[in-house]
Each structure stands twice: as C-alpha cells, then as structure tokens.
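A.B. asks: Using the hints provided, position chain B relative to the given structure of chain A.
Protein chains: 2
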Amino acid sequence: MPEQDTKKTISFSRQVPEGDGRERDVCLNCGFVNYENPKIVVGSVAFWGDRILMCRRAIDPRRGHWTLPAGYLELQETPEAGAVREAQEEAGARIEIDALLAIYTIPRISQVQLIYRAHLGDDRIAPGPESLEVGLFTFDRIPWDDLAFPSARWALHHFAQSRALHGFPPFTNPPGETGNLEVGGL
Amino acid sequence: MPEQDTKKTISFSRQVPEGDGRERDVCLNCGFVNYENPKIVVGSVAFWGDRILMCRRAIDPRRGHWTLPAGYLELQETPEAGAVREAQEEAGARIEIDALLAIYTIPRISQVQLIYRAHLGDDRIAPGPESLEVGLFTFDRIPWDDLAFPSARWALHHFAQSRALHGFPPFTNPPGETGNLEVGGL
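Taken in order, these protein sequences are the chains called A and B.
All residue numbers for the first sequence refer to UniProt numbering, where the first residue is 1 and numbers rise by one.
All residue numbers for the second sequence refer to UniProt numbering, where the first residue is 1 and numbers rise by one.
Everything labelled a hint here was simulated from the structure, so no lab data went into it.
From a predicted model like this one, the values you see are computed outputs, not experimental measurements.
Just so you know, even glycine gets a beta-carbon here, dropped at the ideal spot from N, CA and C.
Computed footprint of chain B on chain A; a stretch qualifies when at least three of its residues, placed anywhere within it, have a C-beta under 8 angstroms from a C-beta of chain B:
1. 35 to 43
2. 69 to 81
3. 96 to 103
4. 106 to 113
5. 162 to 170
Pulled out of the complex, with its shape left as it was, chain A reads as follows:
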C-alpha cells in the first residue's frame, strides 16, 4: 500500500459543538467531533477451590505489584467475553463467569470497572506477556502489602463477602473511596 494511503492529516480545535455543553476536539476540515468518554475495564476474581488467581504486573503502572486479571474492553466485545479474554491473556487461565461481582468507578482516570466472579476450569495457569508471574492464593496468603491498585483490594474483599451469595446486586466503591493511589499505601 502506498505510504500516502496510510496517512491522514487532521487539524483539531477545542470547541463546544452546536447543541452540546462541553468543549470537544472538533476537526477544522470536516467538523468531525472527537468525543472522549470513560473507558471500561473488565476483570475477574477467579477461584479454584479456596484459592484466587492473581497476576504480578510486567507493565506500568505499578509494575511488579499484584492485581487481578483485568484490562480494557475492546470494540464489539461483551464485558463477559472481555473478562474471559483478559484471564486468558494475562494468566493463561480458562475461566467461567459466575456473577457480576462489582462495578467500580475511578473518576480521576475516567474508568468504569466491571469485575466478575468466576471459577477456573482447571489450575493450569501461566504468565502472559503483561505478567511477571501468576499465582493461586488462599485469602490469607494474598500479597496484601503488595497490591497494585485499591480496586483490586476492594474486589478481593467483596469477593469474600459474596461467597455465600447468589443473585446479589454488584458491589460498588467502598464509601468515600475514589480509587486514587495514596502516598504511603493503598
């Protein structure tokens, strides 16, 4: 393909489009409005017996810290399919979705997280390119002092609270918590 076919030139200006109430990037050539909106993160608390699947991050932010398999939902993907894909990509795991465990909002970074409760089909796991290592932890052996994000801690505790529940409303952010990383710990 000739190089010019793979390039496009766009000139944007910050404007409030007609009928809108907020500034957006508007193309000065064609009027296209580049709406930016929050992104959806999908993930899971996946268990095998009394152990929970976790991944140690190989990428920033929070490289080297532990979290749940989770990532951005892709175009044309259902949230459930996205959570299954992330567990496969990050931990080589085959999971089956059981319930929507939680919906968390991290307004500062405009993320909405849909975290599912899931069970592992077997205990064969292996780190994918974005994980340094993966592990199955009983609740008291979770690396609590080395978690990557507040929402991972929330989800683990909400999972524990949900163990006896069927047909429950999804948990949300703990009262007053925004999901921001705090200096001095989570």
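C.D. replies: This is chain B only, laid out in the frame that chain A set:
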C-alpha cells in the same frame, strides 16, 4: 489565542503496537496510540407513582421515537451522576437512583448501557434540547409501537419485573438479543 495554537497536525497509521494483538491508529510523529474502546451509555427508568418517564427524541438516530432518558457517560463522571444528569438534560427531571436495573451490551455499536431504577422527586418535567416532548406513562399506555431502541423495551419490561425486588442482580440482554434495530419493528 493565535490560530496556530489551536491546531495540531497528526498523521496516523494502522499498526499493531508492540506487545498488543490488534491494529490501532498510531501517530507517525510521536508514537501515540489512539486506542478506541466501547462507550458507556447511562440512563434510567424513573417512576412517579405508577407512571414512567419517557422522552420523544428530537435528534437522530430514531428522531420522533420514544425512549428513556439516557446518554453517554462523560469524563470524570460516575455512572450514577451521569444518569441523573441525563434525566435533567433531556426531561428537566430530578431523579434519585434506587438500584442498578440492567447492564446491556450492544456489540455492533460497541455500547455498554448501565440503566438505573430511579424515582422522580416530583412530576415537573419539561423537554430539553434533545427531546421533542416528554411524558409520564402508566405501563399499559407506554407507546410500545413507537419505541426508539430495543434496549428501551428491554429496560421497561425488566423494570416491571423488578418492582417487587430489592437487592437484585442487574438484568442483561434478553437471550439471543443483540440490540440491533430489525427491519419491520423492534
């Protein structure tokens, strides 16, 4: 501000970024990856006694048809706040969120819809710029033959099923339904 300060020139190429598995728009100048991901629609089934708030659309798609107050979640906004804002903007309504009624996925257009059950603080409503008219309908008087979207129909039926429920898991797409508009009706 001089005009050149409000313009930027970007040249994108479709590439698979390192460590990624999908083609993205990558800036040929700086390597910026323009990830495109599904968008979140937030809305509500808001009731006043035995009547439900609906809006007749003043904009495409489906101008002239009836739907629930709903729209795109904005940056730095929680889903609950977005649903409250949309009811205000589209119907001049003051609502209080009661529960997460449903999560629907429309994969074709990469939308995840978070629909809340809410009650109106009073029955003063008025069409906003995106509504031709607004109304409060008992269930049997809903303009069923003139609904804008399949997901509005789903939400109304799920709302009816939820009336006696407290602390329930959110409903999801009816089995086999994708949310696509079908020729010949919803």
